[in-house]
Each structure stands twice: as C-alpha cells, then as structure tokens.
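Note that the protein sequences, when read in sequence, are chains P and X.
The first sequence begins at 1 in the working numbering and counts up by one.
The second sequence begins at 276 in the working numbering and counts up by one.
Since the hints were made in silico from the structure, they are not lab data.
A portion of the hints provided could be inaccurate.
Per label pair, the in silico range of CB-to-CB distance [as the list claims (entries may be wrong)]:
id : chain 1 : residue 1 : chain 2 : residue 2 : range
1  : X       : G443      : P       : E224      : 25 to 31 angstroms
2  : X       : G531      : P       : P197      : 52 to 58 angstroms
3  : X       : P547      : P       : D47       : 51 to 57 angstroms
4  : P       : G157      : X       : T534      : 17 to 23 angstroms
5  : X       : F457      : P       : D61       : 51 to 57 angstroms
6  : X       : G531      : P       : D47       : 56 to 62 angstroms
7  : P       : L64       : X       : P385      : 32 to 38 angstroms
8  : P       : A223      : X       : R430      : 38 to 44 angstroms
9  : P       : E224      : X       : P385      : 54 to 60 angstroms
10 : P       : A260      : X       : A431      : 49 to 55 angstroms
11 : X       : T534      : P       : L216      : 57 to 63 angstroms
12 : P       : P197      : X       : T534      : 32 to 38 angstroms
13 : X       : G443      : P       : R62       : 34 to 40 angstroms
14 : X       : G443      : P       : T259      : 42 to 48 angstroms
Covered, in the sense of this in silico footprint (three residues per stretch, anywhere, with C-beta under 8 angstroms from a C-beta of chain X), are these stretches of chain P [unchecked claim]:
id : stretch
15 : 3-12
16 : 25-32
17 : 102-114
18 : 127-138
19 : 146-155
20 : 190-200
Quick reminder that beta carbons are idealized off the backbone N, C-alpha and C, glycines included.
Protein chains: 2
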Amino acid sequence: MPRLNGAAAAGVAPFDLADRGLTLGDGLFETIAVFDGRPAALDAHLDRMVEAAAEIRLPVDRGLLETEVAALAGEGGDAVLRLTVTRGAGARGLAIPEGGAPTVIAARAPFPFAALGAPIQLATVSVQRNPTSFASRAKTLSYLDSVLAYDEARRAGADDALMLNIHGRAASTSMANLFALFGRTLATPPVAEGVLPGIVRRLVLKLAPALGLTPLERPLTRAELSDADAVFATNSVRLLMPVTALDGARLAEETGVITALAEAVREACGAPRKG
Amino acid sequence: MPRLNGAAAAGVAPFDLADRGLTLGDGLFETIAVFDGRPAALDAHLDRMVEAAAEIRLPVDRGLLETEVAALAGEGGDAVLRLTVTRGAGARGLAIPEGGAPTVIAARAPFPFAALGAPIQLATVSVQRNPTSFASRAKTLSYLDSVLAYDEARRAGADDALMLNIHGRAASTSMANLFALFGRTLATPPVAEGVLPGIVRRLVLKLAPALGLTPLERPLTRAELSDADAVFATNSVRLLMPVTALDGARLAEETGVITALAEAVREACGAPRKG
Numbered sequence: 001m002p003r004l005n006g007a008a009a010a011g012v013a014p015f016d017l018a019d020r021g022l023t024l025g026d027g028l029f030e031t032i033a034v035f036d037g038r039p040a041a042l043d044a045h046l047d048r049m050v051e052a053a054a055e056i057r058l059p060v061d062r063g064l065l066e067t068e069v070a071a072l073a074g075e076g077g078d079a080v081l082r083l084t085v086t087r088g089a090g091a092r093g094l095a096i097p098e099g100g101a102p103t104v105i106a107a108r109a110p111f112p113f114a115a116l117g118a119p120i121q122l123a124t125v126s127v128q129r130n131p132t133s134f135a136s137r138a139k140t141l142s143y144l145d146s147v148l149a150y151d152e153a154r155r156a157g158a159d160d161a162l163m164l165n166i167h168g169r170a171a172s173t174s175m176a177n178l179f180a181l182f183g184r185t186l187a188t189p190p191v192a193e194g195v196l197p198g199i200v201r202r203l204v205l206k207l208a209p210a211l212g213l214t215p216l217e218r219p220l221t222r223a224e225l226s227d228a229d230a231v232f233a234t235n236s237v238r239l240l241m242p243v244t245a246l247d248g249a250r251l252a253e254e255t256g257v258i259t260a261l262a263e264a265v266r267e268a269c270g271a272p273r274k275g
Numbered sequence: 276m277p278r279l280n281g282a283a284a285a286g287v288a289p290f291d292l293a294d295r296g297l298t299l300g301d302g303l304f305e306t307i308a309v310f311d312g313r314p315a316a317l318d319a320h321l322d323r324m325v326e327a328a329a330e331i332r333l334p335v336d337r338g339l340l341e342t343e344v345a346a347l348a349g350e351g352g353d354a355v356l357r358l359t360v361t362r363g364a365g366a367r368g369l370a371i372p373e374g375g376a377p378t379v380i381a382a383r384a385p386f387p388f389a390a391l392g393a394p395i396q397l398a399t400v401s402v403q404r405n406p407t408s409f410a411s412r413a414k415t416l417s418y419l420d421s422v423l424a425y426d427e428a429r430r431a432g433a434d435d436a437l438m439l440n441i442h443g444r445a446a447s448t449s450m451a452n453l454f455a456l457f458g459r460t461l462a463t464p465p466v467a468e469g470v471l472p473g474i475v476r477r478l479v480l481k482l483a484p485a486l487g488l489t490p491l492e493r494p495l496t497r498a499e500l501s502d503a504d505a506v507f508a509t510n511s512v513r514l515l516m517p518v519t520a521l522d523g524a525r526l527a528e529e530t531g532v533i534t535a536l537a538e539a540v541r542e543a544c545g546a547p548r549k550g
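Sequences and hints are given; from them, build the entire structure.
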C-alpha cells in the first residue's frame, strides 16, 4: 500500500484537490529499483530530487524521503518505488505559495523483469525536447510531453520514442538516456541538449573506462545513431537496453563490450545476473 | 465547495493517488469567468477542452462538463471556475491506459476584480515556449514551465513574464496572449509560434474590425513590442491588460482604441463596466 505524508494510506486516500501537483504539474518524482529489499543508487536518486527541488524553491525534507523509501523497500523482495513530491495545496493562480507544505507520496509496484535489459526499437516522434525548460532536465510532474512521445512511438509500432531536441539532434527516449558506441568511444548527449541527468547514465559514464571505453558527453545527430557500432538506452528500472532499430531500419549491434557493460550495470545496481 | 466526478466534494476528498493527472500531468483544464451567475464564453471553453482531449485520446463527456459548470455557476454572483479533466488512474509507466475513466474536477473561487483589466509590466524570462509540444497550445496539467516563468518574472520585479519561443520571438506571457498595435493594425502571434489559442484572443480578433482595426496573426519580435503603439495581454479572467513596461523600459500606450476594445471585450463577456 502507498504512503502519503509519512503514513501508510489506501490507494484512494484523502487528498487536497487544490494540490499543485495535480493542478499545475508542480512537483518532482523519482523511480527507484529495489532488488532483494535494497534500493539501487538511493543516494544518487535523493541527491537529484533534493537538488532539483532547491532549484524550483520546493522545500523537501530529505530525511522524510529516506524514511518513506525505507518503509517500502523494507517489505523486501524486488520492486519499483516511486517517490513523488508536490508543492502542496495552493490558491488559484501560478504564484508559488510561501511557506507551503509539500506533499510526499511513495508507492511500490512489482518489478517488471520482462523489461529489464530488453532490446527496444525506436521511432522518431514529433515532440522535441526543450533545453530552456527545467522539465527537460528534471523528473517533474509535468510529464505530458513524454507521455505523448511514448504514445506516438507505440502507435508507430515501436517500443519507445527517439526524442530529438529543438535543434534537431538526438536527445533521449521518452524515458531513458541514449548512448552510441563508435569504436571504443561511448558518446551520450550532454544535459544541456535537453536530457535528464540519469542515474544509470552517470553510472555508465563511470563504469566505461574499466571496460576499455572512452566515455564522452557530446551532441549526437540522428544520422550518427544510424552509423554507430551500437546504440543503447538507460534508465533506473530497465537499466541497459540495446536499441536494435530506428524508424524501422536495423542498427548495428556490437555485442561483446555492451554485454559486459550491461552486466557491470546490473552488478552495480544489485540486480540479478541475466540468465 | 468543489465537485469531483459529478458530485459535491470536500476540498480534501478521496482521490486515487495513481491518478495520472497527479503522477504525470496527464490532463487538461479550463478557467472560466462567471459574471452574475453566467459563465463567459462557455461553449468556446468546452469546445477547446473537448478538441484538445480528442487530440490526446482522452475521452471526456461534454455533457458532464456542462453539468459541472452549471452546478457551480448556478450559485450565482461573480466567480472563477476551474474545470479539470485528468486521464484517471493508471498503472505505473507512460502507456495510456485503454478504457480508462477520466477524473473530472470543478472548483469555484472568488472573482479577482483587482486583476481585471489591470495594467501589467513584463520581464523576459529564460524558459522558452516549444511549438513542437502539445502543452504549448493547450491548457494541460503539465504547467510547470508557466509556473517557473511567472516566478522568474515576479522575482525580477515584474507582474508577469514575457515568454519567447524557441525561435527567440515573442510568444505570450505565462498566462495570457499578447497583442501589439501598429497604427491601425493589431498583431498577435499565430498558434504555431507556441501560444495557446486563447478564448479572449479569438474574441479580440473578432471584435477588432468594428473598431476600425485590422487584426493580423503573424510572428512578433521582442523589438517590435518595444516599438509598438500599444501592447496588451488577454486571458479569460483578466480580459484585456495593457502592458506598460517591458524589462523596465516603458512602452507606448495608445489609449483611445485600446480602451474601446477593452470595453467591448468586457461587454462580450458579460463583465461589469469599468469604473
């Protein structure tokens, strides 16, 4: 059962209909994998949420976030936790209320093992990521662009979207960062391209050198994805997903080092070995 | 008291914490002025919401929306109604649930007469409007860009934001459409520039010819705003607001025809005469 403001709650719970998370998408969330009762990369997730909250003047209590995660992870087993923080209730209008009390929601879902590491095909969608928007580089409750990007890709017969940014360059999927391998160089777009500073993205950049790869943050074009030796996507639940096709055209699939990297990511996150 | 799914509800009401309006900003809203018990431009508001909903495959019941507005407007007097429709509850993840039931919330607030027609000063902000995003041209629950634009402008000492679009051209404020007067030509950016198709915007375009003005939808630069004979902003609550300054520099204020236009808008909306 979920938790609301520090206490267990029913799925349908007393909630303020003037909560700005609901009325204005004014809030943040994190999605955290739990393997065998242990939340993966918990500090990195909480750091990211607390830093993003500070940037939008949303006062979050990190201690409460830790308590809520511990309460749900403590049930043991494998799961996905979602931690949501909203601005709390406010009067009509856009003005950020001073002294408002954030709303904190924590929820637990079964871990979707079928998606973990599963290969995906991408379709380029119409909505582009906007680096001038805070929402392009934080996990905010204003997530409709990603919802519609995902929907457009699925309706095109793909598994996920290739989202370009407003400069027409490759940015990310609707829910995951992108990497492209060129020889021994592993490139991913910088956050300034309008991408989320992903937790697994950072982990891959850190693990790459030990596998003989040179990680590099630089802008990537769609054409470069087509020409790469391998393309993969990363997020905190599915970890490392090989991208096998783009807009119906098959991509190259270097398997040796990418397989090793995927295994290193699983290990670092405490996920079960593939098999 | 607000209404939730067709019935009166307390401000804090039983609500599904997995509602996608709350978790993903997946929904729409309308803000409707009520003068003397009569909702202004109700059909235009409901048309816009129903059309936007169809575009994102959100099945809304127009009859229910009408019932909810009538219930709150029927209390009489002057008010602002907010009508919110969300995708309803969904499983974890972005996929739009098939056959889901939308959530409908209606709320009533006192009419803010102090803001009606009040002159405003604008400050240019960093976040730019993205015409590739559905959220740039619909009133969606993913409204954080506007929240942060407004906040940035207020912190700069202005009343509202000048939001440019990703091409660097003038688009709108955080909550209102923009018009600029050049001689007898009245220009406003087209929706393709990343602006909301505002209800009062459309009304102004319709009323302008009777006042000897030639309305024109065309892109506007920030420099053109500075050089215009008058600049004003429009939305469904504040109606027509003269813009008196931009980034601390005073703007020209043609008063004759703009005052007449403001009065015509008030009359068309059933708002009380100024004075």
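Which constraints among the numbered hints does this structure fail? Numbers only, ascending. Checked against the structure, the hints that fail are numbers 4, 12, 20, while the rest are satisfied.
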